[in-house]
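J.: Sequence:
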Amino acid sequence: MIDLIIAYNSYIVNDFLKNFLILFYFDNLNKIYRDVTSRILLIL
Numbered sequence: 042m043i044d045l046i047i048a049y050n051s052y053i054v055n056d057f058l059k060n061f062l063i064l065f066y067f068d069n070l071n072k073i074y075r076d077v078t079s080r081i082l083l084i085l
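First residue of the sequence shown: 42, per our numbering; consecutive thereafter.
Everything labelled a hint here was simulated from the structure, so no lab data went into it. Bear in mind the structure is a predicted one, so any value in this text is a computation, not a measurement. One thing to keep in mind: the hints can contain errors.
Claimed, not checked - So the derived label-pair ranges between C-beta atoms look like this: (1) 61 / 82: 23 to 33 Å; (2) 80 / 44: 50 to 60 Å; (3) 82 / 49: 45 to 55 Å; (4) 65 / 44: 27 to 37 Å; (5) 84 / 49: 49 to 59 Å.
Just so it is clear, CB atoms sit at the ideal spot from N, CA and C, and this is done for glycine as well.
Produce the complete structure using the sequences and hints provided.
T.: Below you can see the structure in the form of structure tokens.
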């Protein structure tokens, strides 16, 4: 039973970390995208 609880908790933590990394990654993608588009607009 304790093993099951530990497994469940680590699953939740892994899920949280995955979501956090995905959010962080997409946030950076957004920043890069904005930088690139602003540079392109400046060139134009």
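J.: Work down the list of hints and note, for each, if the structure agrees.
T.: We went through each hint and held it up to the structure:
1. Evaluation of the 23 to 33 Å hint for residue 61 and residue 82 yields a pass: the beta carbon distance comes to about 32 Å.
2. A C-beta distance of roughly 53 Å is found between residue 80 and residue 44, which places it inside the suggested range of 50 to 60 Å.
3. Between residue 82 and residue 49 the beta carbon distance is about 49 Å. The supplied range of 45 to 55 Å therefore holds.
4. For residue 65 and residue 44, the Cβ-Cβ distance of about 31 Å falls inside the hinted range of 27 to 37 Å, so the restraint holds.
5. Look at residue 84 against residue 49: about 53 Å separates their beta carbons, and that is inside 49 to 59 Å.
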